[in-house]
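Protein chains in written order, with the numbering used here: chain Y, 34 to 341; chain D, 36 to 493.
It should be emphasised that the hints constitute simulated quantities derived from the structure, not laboratory data. Please note that a few of the clues may not be correct.
Facing chain D, a subset of chain Y residues (Cβ under 10 Å, in silico) [unchecked claim]:
1) G66
2) K180
3) E235
4) G288
5) A304
Every value quoted in this text rests on a predicted model; they were computed, and no experiment measured them. Beta carbons: idealized from backbone N, C-alpha and C, even for Gly.
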Amino acid sequence: MSRTAVRPSGLRHQAPPAPARPRRIRLDALLFGLPTILVFAIFSWWPLLRGLALSFQRTNFLQTTWVGLENFHRVLTDPLLGQAVANTAYFALLAALFGFPVPLLAATLIAEMRRSRQLATVLVFIPVILPPVVSILLWREFYDPGKDGLFNSLLGAVGIGPVAWLQDAVTAMPSLVLMATWSAFGQGTVIFVAALMSIRSELYEAAEIDGASLPRRFWHITLPQLRTVVLVLLLLQIIGTLQVFTEPFLLTGGGPENKTVTVLLLIYNYAFVYGDFGAATALSLLLAVVLAAVSAVYLFATRKWSQT
Amino acid sequence: MTVLRKMAVAAALTAVLTAGAGCGKSAGDSSAAGGKVKISVNGLPGNDNPAGRKEFLAQVTAFEAKNPNIDLEPVDWTWDARTFTAQLAGGDLPTSFQAPFTESGGLIARHQIKDLTKWVEASPKLKSILPTMLDAVKGTDGHYYAVPTFATQNGILIHRGLFTKAGLDPDKPFSSWDELAQAAQKITQATGKAGYCQLTKQNQGGWILTSIIAAMGNELETRDGDKFTANVDSPGAHAALEFLRKVRWDYNAAGSNFLIDFTALAPEFAAGRCGIMVGPDGWLGEFVTKNKMNPRDFGMFPMPQTANGLGGLGGGTLSVLRADATDAQVDAAVKWLEFRFLDQYYDTKTAADLAKAQAADGNPVPGTFYAIVNQQAYQPYLEAIKPYINVPVANVQTYVDATRKLPVVSEPPIEAQQLYALLDTVIQAVLTRKDADIDALLKQAQSQATTILATAQR
Chain Y
34 MSRTAVRPSG LRHQAPPAPA RPRRIRLDAL LFGLPTILVF AIFSWWPLLR GLALSFQRTN
94 FLQTTWVGLE NFHRVLTDPL LGQAVANTAY FALLAALFGF PVPLLAATLI AEMRRSRQLA
154 TVLVFIPVIL PPVVSILLWR EFYDPGKDGL FNSLLGAVGI GPVAWLQDAV TAMPSLVLMA
214 TWSAFGQGTV IFVAALMSIR SELYEAAEID GASLPRRFWH ITLPQLRTVV LVLLLLQIIG
274 TLQVFTEPFL LTGGGPENKT VTVLLLIYNY AFVYGDFGAA TALSLLLAVV LAAVSAVYLF
334 ATRKWSQT
Chain D
36 MTVLRKMAVA AALTAVLTAG AGCGKSAGDS SAAGGKVKIS VNGLPGNDNP AGRKEFLAQV
96 TAFEAKNPNI DLEPVDWTWD ARTFTAQLAG GDLPTSFQAP FTESGGLIAR HQIKDLTKWV
156 EASPKLKSIL PTMLDAVKGT DGHYYAVPTF ATQNGILIHR GLFTKAGLDP DKPFSSWDEL
216 AQAAQKITQA TGKAGYCQLT KQNQGGWILT SIIAAMGNEL ETRDGDKFTA NVDSPGAHAA
276 LEFLRKVRWD YNAAGSNFLI DFTALAPEFA AGRCGIMVGP DGWLGEFVTK NKMNPRDFGM
336 FPMPQTANGL GGLGGGTLSV LRADATDAQV DAAVKWLEFR FLDQYYDTKT AADLAKAQAA
396 DGNPVPGTFY AIVNQQAYQP YLEAIKPYIN VPVANVQTYV DATRKLPVVS EPPIEAQQLY
456 ALLDTVIQAV LTRKDADIDA LLKQAQSQAT TILATAQR
């Protein structure tokens, strides 16, 4: 190809790039953003800074004294902390193993539907729009440990049970995971359905012509195409489940025998039951550090997959 | 998992934990100019209770007329442990407010309420409150930090309807815990309902168990010089847990829900799905007004006492003042407390007016059967409210008679809530695991309680 070829006409009169100018803070832009900055500063950044300070203080909110690392010592030597960390990790693991695939599978099935796709999406989304307390009240009835409880009635019909559900040290945490999965899977499903719709249909058509079954299409087309969404949602799920609070707070109170005490429930108890806000913020800070570390490790470990 | 929901909860927690830590206005801000002392007081009923609100506001007007130098600001505020500290930090607490007995230890330990010793000692009316009740709200330093305004002792609450169905005599109190356990078994066998119900969550289980332990001869803490040591692993605690084990596993009479707090248990009891529980007489209001229990079904017995039983665990409501209240404000608040809560025992018209308003609002009258003042003052009061009494007082007579003689046992003075939380776990173990080792559970709880008390008293 000749180097003297005629340039495309659209570029003929293009001006040379302007020299880089030093960045200026535009007053109008600053004014435009000021309300947002103020709201964030007052309601987000300032409380974070105060929380940081509070974790090194003892306060009754009338008098405050600096106590160095005493609050951290207290929470790290609390015999319940180990149990709370183990319980939280167990919840997160169960939710990742059993809860996370549910919306992906539901979305795959919905995406395969020729008719009533919208209706199915609405139906799976209903639990998400239910207020958490309403869901909890429902599930309290489902998990009623008596033989008249909903689940136990169903199991009783086939000669099983009654199961103690939330009141048994073994079944309590899986029961919470089941409830949490039910109330949240609609959200993940909707996101996955939207992502699935963006996958080019030719890929599936070609696979179908080649005789690929649904599982093979899922494994070889759907999953690779969704990997970015899967990675982000999994990270958010891990962060969310490590902060699990509502379910154990409302359903079990941490029982039986502390088997469902989670880190956030411990923080809540420090602050609002025992009035020790120093310990509560110290543990909050430790949790934030752990979550940041988990996120960093996760992103590092999956960077290759997300780039290819 | 609803990530957004979790994050919202976490953000809300963080915000509440930290917000307002640096900003607050002192009680002194509310001292009005012009020689008038301004105080805010809680207790104003909400708009959903027009009769009670009208009665309260009339009392405020009458008080201000009687005390022209005091400007009273009534507020619709009720105790909520979750918001208390944020309100304290934000300067939004009333000058004088009411809190449950069970919170007094924590409030005193954190220096969040005013030392009222000087005022209690100087007021004949405050001193007329039963000494046992006043002593129950003393700090470990022997000072008075609160004024009991509604007092009670825990007792045995019974559902008379279930008792009758089970062929039990609802007027014959239990002479022992074994007898109570057997009655629970009869109720379950005859009606299929829970014979005895035990609270197990939100530290309430520990609190109730502490009552039973006291009736069986022990307290959770013992004074050792100026310190307190844990006494969780005691013969009384063993006996109390053995009682629970027997009701649950030998008699199968404790129902099926072993993760339950009062909010969940109250409707069960009110609806006749639970025959016996331990608690204060003040719960009658919750059963009748919120859960529509027929007051005729409500009955009370005293706590059965073993040979070395210590008495009944005291409870109720306290009036306390913000720690930063000025002396002039305390003077004014004490006058209000006398006017609002104690004058009814010395002025029959006040007693009748209050009772009339409560009855008109559908509340049980009397709201408590426990006398906060001596019988000399209490009997004329009872006489004055007689036309408005809307609960069968005879159903609780054995409890009332016994509480006049039974000593009041105070709650553990140091970290009571943490000890109750430990006992919640022990109770849950005993009620959910047939093979629970009571000795081992109490030994572990004792070790944890020792650490908790040592940390708190460093």
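Numbers of unmet hints, in rising order: 1 and 3
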